[in-house]
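Chains as they are written, first to last, in this note's numbering: chain A, 191 to 432; chain B, 127 to 401.
Simulated from the structure, these hints should not be mistaken for lab results.
Watch out, some of these pointers could steer you wrong.
Output of the computed footprint for chain B on chain A, the stretches with three or more beta carbons under 8 Å from beta carbons of chain B [stated by the list, open to error]:
1) 239 to 248
2) 302 to 309
3) 372 to 380
4) 409 to 419
Pair by pair, the computed Cβ-Cβ distance ranges are [said to hold, decoys possible]:
5) A139/B with E333/A: 51 to 61 Å
6) L240/B with G307/A: 15 to 25 Å
7) V279/A with L140/B: 17 to 27 Å
Beta carbons: idealized from backbone N, C-alpha and C, even for Gly.
Each chain, written out:
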Amino acid sequence: MRVCAFAAVVAVLVAGCGGSDETQLDVFAASSMRDVAPEVDDAPRYTFAGSDELAAQIRDGAPADVFLSASGAPMEELRSAGLVDAPVVFASNRLVVVVPEGNPAGLEELGDLARPGIKLILGGEGVPIGDYAREALAAAGLEAALENVVSLEQDVKGVLGKVALGEADAGIVYTTDVRAAAEDVRELAIPDDVQPDVRYYAAVVAAGDTDRAAEFVERLAGDEGGRALRAAGFLPVPSRAE
Amino acid sequence: MLSRAFGIALWVALAAAVLFLTLPLLALFLRVPPVELVAQLGSERAREALRVSLTTSLVAHTLILGFGTPAAYLLATKSFRGRSLVVALLELPLVVPPAVAGIGLLAAFGRSGLLGDELGALGLSIPFTQLAVVLAVCFVASPFYVRGAIAAFEAVDPRLLDASRTLGADRGRTFRRVALPLAAGGLGAGSTLAFARGLGEFGATIMFAGSLPGLTQTAPLAIYDSLDQDFDVALALGALFVVFSISILLAAKLIPSWTRSGSISPFPFARSRST
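Given only the sequences and the hints, what does the whole structure look like? Please build it.
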């Protein structure tokens, strides 16, 4: 009898852990959307991480309804596997160099990142912020800066966090991230001519609640989303690369 | 009738536990063919990660043995006020989450940490270096050794140490010639466990040392980093870890019976049947 009771308790606990709340939309979003996404709609349950990591999770069957990616590659990967519907581009962003408050290495411009001995933090290979940053450095002819990389982080918050702690001399993040750590970091602008073409993609996950996911994407890409995104520092979708 | 049901329940529980604990490890090997696993281990990413792991683990382990052995000997042979507190402090990392250890190491040894200015004055910057990996491994793995070492030294009959002293050996010689050999089994077992735990270190390392292939990216970090791009590399490293861990565990179980101090179980939680 007690064994049965024990089994029943275990069954209830397991069911409780496994079952997700059917009424809540699951949105998997790039780390850089952390502050702005709930402002567009605070009803869904958000999971924030590097876009590439989220794509890997969705590929492995994570229960997502919407995927918001900070670059095209993770989205295309899921699209070609038939896991998401056609994505829409809903925002753009710019990169910026961040240095800790006090600027211990005395950096003044992007070019200083190539100075020997600088401790630079970037996103990892395949992580959108890392790939964009390497693109910008290459465009500026600063491949030497890659020699200064001391850590490759899994997402943009990892880059920002280690710089904000003062453990590294500089990192490259999105301009929109700086607001979250405005007291701990200073910005150095990256010139327009080396800024990569940052695009955020939203797509409905095929295996999810597609109707409500489509509503969410529409709202995000519409006027309401646009206002919140602009207020948070995101840019309208660029037309220059068309 | 009831007692039969009880007996069955015990077997069911055991079967469930064994199945649950071995299935994920088995699945690693089933998902990718063995030939492919071996091929992936030859990839540069995997080789670099293993090299970083081995180098840092060996250095960390030397430090753990070097400081841990005398410390454990003192704690096992002397009673003094606050001894229990000291033992508890040494064991604390066992129960502290690795992420907390990472934050703590940053707060203590980071550039803007407690000792940041002093280390900076010496020209030392620890985060993001292999030294940071070594410190992280020492922090999380040392209690596994120290715990086992204290138990091993405590199990040495104090009369043998006294006899050695009365026969004219000084304390150092007694330690080397009597205590160490008698405690060797327990020390070896604790040492292997600490080494295995150190190799698997993840949380404190990624926070304190960062993750850079070839420098601070250890095998567990490489597994995490490969998940979203190179799943096969992640699987191969994972499978290698399983093989290695099984050998470590077997070694830790067998070492005590190879040595004279076979009566000491290295596992206070898993005594063998003969004791």
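Taking a Cβ-Cβ distance under 8 Å as contact, does the stretch 372 to 380 of chain A have three or more residues in contact with chain B? n = 0 at 8 Å, threshold three: violated.
Within the assertion that chain B covers the stretch 302 to 309 of chain A, do at least three residues meet a Cβ-to-Cβ distance smaller than 8 Å? violated (count 1)
For the stretch 239 to 248 of chain A, do three or more residues have a beta carbon lying closer than 8 Å to a beta carbon of chain B? With 5 residues in contact (Cβ-Cβ under 8 Å with chain B), the coverage given for the stretch 239 to 248 of chain A holds.
Check whether three or more residues of the stretch 409 to 419 of chain A sit with their beta carbon closer than 8 Å to a beta carbon of chain B. Since 0 is below three, the answer is violated.
Honestly, do A139/B and E333/A meet the 51 to 61 Å range at C-beta? Given range 51 to 61 Å: holds, Cβ gap about 59 Å.
Check the following: the C-beta atoms of L240/B and G307/A are separated by a distance inside 15 to 25 Å. Holds, since L240/B and G307/A (Cβ atoms, about 24 Å apart) stay within the stated range.
Assuming the hint says 17 to 27 Å, is it satisfied by the Cβ distance from V279/A to L140/B or not? violated (55 Å)
Hints 2, 3, 4, 7, counting from the list given before, are not met by this structure.
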